[in-house]
Every structure is written in structure tokens, then in C-alpha cells.
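Chains as they are written, first to last, in this note's numbering: chain G, 129 to 480; chain V, 849 to 1123.
Everything labelled a hint here was simulated from the structure, so no lab data went into it. The structure displayed is predicted, hence computed values, not measured ones. Treat the hints with care, as some may be off.
Claimed, not checked - Among the chain V residues that face chain G by a calculated CB cut under 8 angstroms, a handful are:
id, residue
1, M849
2, A926
3, G928
4, F939
5, M942
6, D946
7, G951
8, L960
9, G964
10, L965
11, Y966
12, R1013
13, G1030
14, M1031
15, L1033
Stated by the list, open to error - Listed next, with one range per pair, are the computed distances between beta-carbon atoms:
id, chain 1, residue 1, chain 2, residue 2, range
16, V, G959, G, L343, 21 to 31 angstroms
17, V, H983, G, G314, 49 to 59 angstroms
18, G, L343, V, S872, 24 to 34 angstroms
19, G, L247, V, D1069, 42 to 52 angstroms
We treat Cβ as the ideally placed atom computed from N, Cα and C, and that holds for glycine.
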Amino acid sequence: MPLLTTQTGRFRDSYVADSRINDTGSKKTVVLGGLILLFLVVPMVADDYQLGVLNLIGIAAVGALGLNILVGFTGQISLGHAAFAAVGAYTAANLSLRLGLPALIAIPAAGLMAGAVSLLFGVAALRVKGLYLAIATLAAQYSIEWVLNHWSFATGGYQATLLMPPFAIGPWDSATTVGKYFLIMGILALGVLYAENLFRSRTGRALVAVRDQYLAAEGVGINVFHYKLRAFFISSVYAGIAGALYGYNVGIVTTEFFPLVLSIQFLAMIIIGGLGSIPGSILGAAFVTLIPIVLRDGLPTIGISFSSDIEVYLVQVLFGLTILLFLVLESGGLYRLFNNVRDYFRMWPFSY
Amino acid sequence: MPLALDVSDLELRFGGLTALSGVSLQVQQGHIASLIGPNGAGKTSLVNCVTGYYRPTSGRISCYGTDVTGSSPHKAVAAGMARTYQNIELFKGMSVLDNLLLGRHRHLRSGLISGGLYYGRARREELAARAAVEHLIDFLEIAHVRRTPVGLLPYGLQKRVELGRALAVEPRLLLLDEPMAGMNLEEKQDMARFILETREERGVTVLLIEHDMGVVMDISDHVVALEFGRVIGAGTAEQVAQDPRVIAAYLGGQRAEGDGETGASLVGAPQGAPS
Ligand SMILES: Nc1ncnc2c1ncn2[C@@H]1O[C@H](COP(=O)(O)OP(=O)(O)OP(=O)(O)O)[C@@H](O)[C@H]1O
Ligand SMILES: [Mg+2]
């Protein structure tokens, strides 16, 4: 994980310049352009359907980014990400239903609650590695699901549905798709900024060290277990926030939203997008979110359509295939692929 | 004045195998002490016990008066130690800069909140760490590779980066496990110079594991010889080199004044550091 690299031929003359996120003028322009596109252009030109799709991608990206911090950057596997999203969704639902708290409080609280619950499991699970950790987090997924299905006070019980109250934050209003769009994209932008900062400072560096060489990490004074816990906590905060956003977005919360399959889809997003890559998390989230949407809504417009049971099959086959393809052919994911293509054109016509 | 390192009656067993037995040794503050002994003598095991990687079966270890027996590696660092490894354990995918910045870990404070905001102190301390690391990079003469992923560097430079990472920790006791293994004469001389200068400029106490007796003779204030997990001799370099048990351990009974060209002699071995 090169934390401080840039293209050759561009030199910085101070450490300050060297430590900036937007280390080159062109990158700064790209980021600025991206923000203008995201917050000004898109909301003006996109219709409700398109904004709705972007909302789903944005929510998935928040969750995927969190999982990537744990899996891609810190090297710890988790199969329980969806369960922590569920904790967040129910926390937000209960806080706003019972206490009437506004979304701006309920959403961070959802993140913190998911993070806190994850620590309960993490204290035990993160003492083991690899396959054992996978099984331990699987246990977290199932036990949280079980609790949510049986804890009627908080969830209404098995297969019950909670109605999520609407929110209004200034001009952002959950009654409109664009209102939700601003909330979701605003939070995603903050999530990206936080992660970018984290990984150019002490904590993020330590997390990557834990992934790369945990014995040597201990040898420079990093308490590896504590840092694994921290990664688990942050990743679950993102999951919890994503879960809360999902609830606000669709207006209801039910345990069926957060099955094991969703945990696996989050993993698929970061594998396809690029392990240990922040932009990759977003690309992967977009890809995985779009597969079923394209099959259901996109292909029929060009005259191809499937019956719904075949469609479900196809989605799964496509997931499997893309994950396999990326694992075998481009383990850096979509983000690396994107960079390779960009470099190809930058060097063109001398692209060898 | 407490000892930099005080090991007493250390025993380490792996199942039936006794790797260390009744090992006691002291390292004075400001000394360069060398640990010698044939392959499998238990040198690395001893350093692993001291730095918290192995938990000794019995015995006591203290560093500058702090008991560190059976602690963990990050606690050994907190007690003032830093080390290098016989089989280089760098963060291979990271640049030289990042490896050294990781050495600064315990000198930085930013956490989940301040680090994520990267504002105020978090930002200032990152820049200060960067300055400290650049200083080390100059000292070790590795400025030309500062952005190279360390996995791509030649072996000799990797060893140097690993020394740099340990120095970035700013230890009071530096433990070096064969820092010159596999190096040519020139590289060994550089490394010996870095070790000596580190001691002079930073007042760091050094415990050095080294097979090259020339280097050991040249730079050590104190030498401890191990064989089969036991201390078989300790004293100044000259004393240990003339100790019949040490000579026997190395040469299987041959006399010390043997053939210098094959490197068989313990005294005045051919290769070595500048005197
Ligand atoms: N983790 C371990 N498990 C089992 N046996 C071990 C372990 N570590 C070391 N040993 C054994 O302890 C003995 C001492 O090994 P150690 O690595 O400390 O020797 P050394 O003096 O460093 O040798 P060398 O000069 O080859 O590096 C050897 O017999 C080794 O096989
Ligand atoms: Mg050894």
C-alpha cells in the first residue's frame, strides 16, 4: 500500500505539500470537478429513477468502504457486516420512532451503536485469524439476526416491519428522492474524507502494518489486537450508518434486509472494486448494485427480458463470475483496471 | 544506574527441546554487547524472549529496571526496546518512508478521531514525524530510495531500512539480529559505522547478534557466548575470544591461532569493520 506515492515527474518541495491528499493540481481539479458533478449537476439533470439508483449505490458504497477498511486495509475478514448494518438500521428506527430524534442525531448514533455491538463480538473474534475469524464473524451475523428476530420490543419480532419516520434536514427531505440523495451523498463524501485522512496518519498506517506484517507491527509498538478492534469498530460504524440510511431511504426496516447474503455482497463489492482502495469501494458498490438493476430495468428496454426466477439466478451467476474474474485476472479490482486503462491513454501512443 | 538489560536464569523450552537454560547476562548502559554462538545456540531465541516474542519458561528479564518478563512485543517497545530481525521483517509493499514512519508510531498520538480529521495536532505531528524520518534517511544514506517499496530493494539496503525503522522508534536498547549477515565487506563496514555512530550520537545501548568475529572484536564492549542454550563465556572481546570453551564450541577443539585465511580463527578474523 503505497501511502505517499505520486506520478513520477511531479515533485513536491515540502512535507506539507507531500502529505496533502490532493497531492497534484490535476487531482485537486478532479476532486473539485467530482464534487460539483455530484452535488450540483447530477441533482439537476437526473430524474427521480436515476437518483434512486444513485441513492442505492451511495448507501452500498458507505457500507463497502467500511468493510474495505477492515478487510482490504487491515487484512481481517468479516462475514457479519450486514448484521452490523441491521443494528444501525434498528437503532435509527428506534431513536426516531420512540424518542423522536432527528436523523442528524439518529444516523451517527446508529453508527456508534453498531460499532459498540461489533466490539462485543470483536473482543472474542479478533483473537483468531483467517478461517476461524470468518466463522466467528459468521456467528456474529447469525446471533445478531436471531436477537433481532426475537427482540420484539426493538424490532417488532420475527418478520415484522418498522415504519421509518421521515426526516427533514433543512432543505433535505426524505419525501423527495433528491432530498435523500443529498443526505446519502453528503454522508458518503464525509466517509471518504475520513478514510482518506485516516490512511495518511498514524492510525491508518498502523492498520496497514497489521495487515502486511503483524509481527513487525508489534515490533514497532503497535498493539495489534487493539488495532484490529479499532478497524472492526470503524468498519461497523460505516455499516451501521449505511443500515440507517437504507432504512430512511426505503422508509421501512425489516430483518430481511440484512441477511448473510448481504454480508457476502459487501465482500463482493470490495473484491470487485479493489481491496484496500477507497475509490475501489465505490466502484465495486456501484457494480454490484447495478447488476440486478440492469437485468431488471435495463435489458428490457433493449428488448431482452427474463422471467423473475431466472433473473435471480442470473444475478448470482454474474456475481460469481465477476468475483472469479477479478480474483484470477485483476486482483486489484476495478480501480486498478481503471488506472491501467488511464495510464494506457496517458502514455499513448507509446503505450507499451 | 540500572542495567540496560538484565537477564537472569532464563529458561525456554519448546516441548522437549530446551532452547535456553540458566541464561544470565547483563548489558551496561551505553555498551555495544555482542551475542555469539554457533547455529542453533539460542541467540535469536534469547532476543525473542527479551523482546516479548517468546514467553520464557522461567527466569527474569528487565530493561532499564522495568520487568518485561513474559510481556508482549509492543510492551517491550514501550519499555524502550527496538529490534531488527534475522530474516528481515519489513512492510514489504510500503515505501521506505512509510516503513520508517511506522517506526515513529509510539511517538505520535493521533487516533480514530483526530487522525480522521487530520487537522491541528494530528497534522502537525505527522509533519514532525516526517522531518524526523528524513533525518534518519540522510543518516543511513538511503535518500535515493525513499519512495521505493522496500520489497524491491536489494538485501543490503533492506537491512539498512530495517535498522532505520528500529532507530525511528528511538529505543534506549537496540537489539540487532545478524544485521550484517549476507553482506559484502563494504556493506558490513557501513553497517558497523551506523551502529557505532548510533551509540555515539544517540547514546543507544546495543545488543548485537553477529557471526563475523572480526566485526564483533572491533565494535563490542562486551561479548557473551552461547552454546546449546547455555552461556559458555562472557567478558571483553579478547577474553571471550581466548576462552577455551568458546574456541572449542566454534572450532570443535581446534586452537584459536589456527588458519586465518579460512576464517577459523576467532581473533583477528579477516573481514571486518574499520578499526
Ligand atoms: N518457535 C520455535 N519452535 C521450536 N523450536 C524453536 C523455535 N525457535 C527456536 N527453536 C529452536 O531453538 C534452538 C535455538 O534456535 P535459535 O534460532 O535461537 O538459534 P540461533 O542461535 O539464533 O541460531 P542461528 O545462528 O542459526 O540464527 C534451535 O534448536 C531451534 O530449532
Ligand atoms: Mg538466529
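Verification of the hints:
1. M849: Status violated, d = 25 angstroms.
2. A926: holds (6 angstroms)
3. G928: violated (10 angstroms)
4. F939: Since chain G brings a Cβ to about 4 angstroms from V:F939, closer than 8 angstroms, the hint holds.
5. M942: holds (6 angstroms)
6. D946: Cβ of V:D946 sits 5 angstroms from chain G, so the hint holds.
7. G951: holds (5 angstroms)
8. L960: Interface hint status for V:L960: holds (6 angstroms vs cutoff 8 angstroms).
9. G964: Holds. Min distance 4 angstroms.
10. L965: Hint holds; V:L965 Cβ to chain G Cβ min 6 angstroms, cut 8 angstroms.
11. Y966: Since the shortest Cβ distance to chain G is 4 angstroms, the answer is holds.
12. R1013: Since chain G brings a Cβ to about 7 angstroms from V:R1013, closer than 8 angstroms, the hint holds.
13. G1030: violated (19 angstroms)
14. M1031: For V:M1031, the interface hint is violated, since the closest Cβ of chain G sits about 20 angstroms away, which is over 8 angstroms.
15. L1033: violated (28 angstroms)
16. V:G959 <-> G:L343: 21 to 31 angstroms: Since the Cβ atoms of V:G959 and G:L343 sit about 23 angstroms apart, the hinted range of 21 to 31 angstroms holds.
17. V:H983 <-> G:G314: 49 to 59 angstroms: violated (42 angstroms)
18. G:L343 <-> V:S872: 24 to 34 angstroms: Since G:L343 and V:S872 have Cβ atoms about 27 angstroms apart, the given range 24 to 34 angstroms holds.
19. G:L247 <-> V:D1069: 42 to 52 angstroms: Between G:L247 and V:D1069, where Cβ atoms are some 48 angstroms apart, the hint holds.
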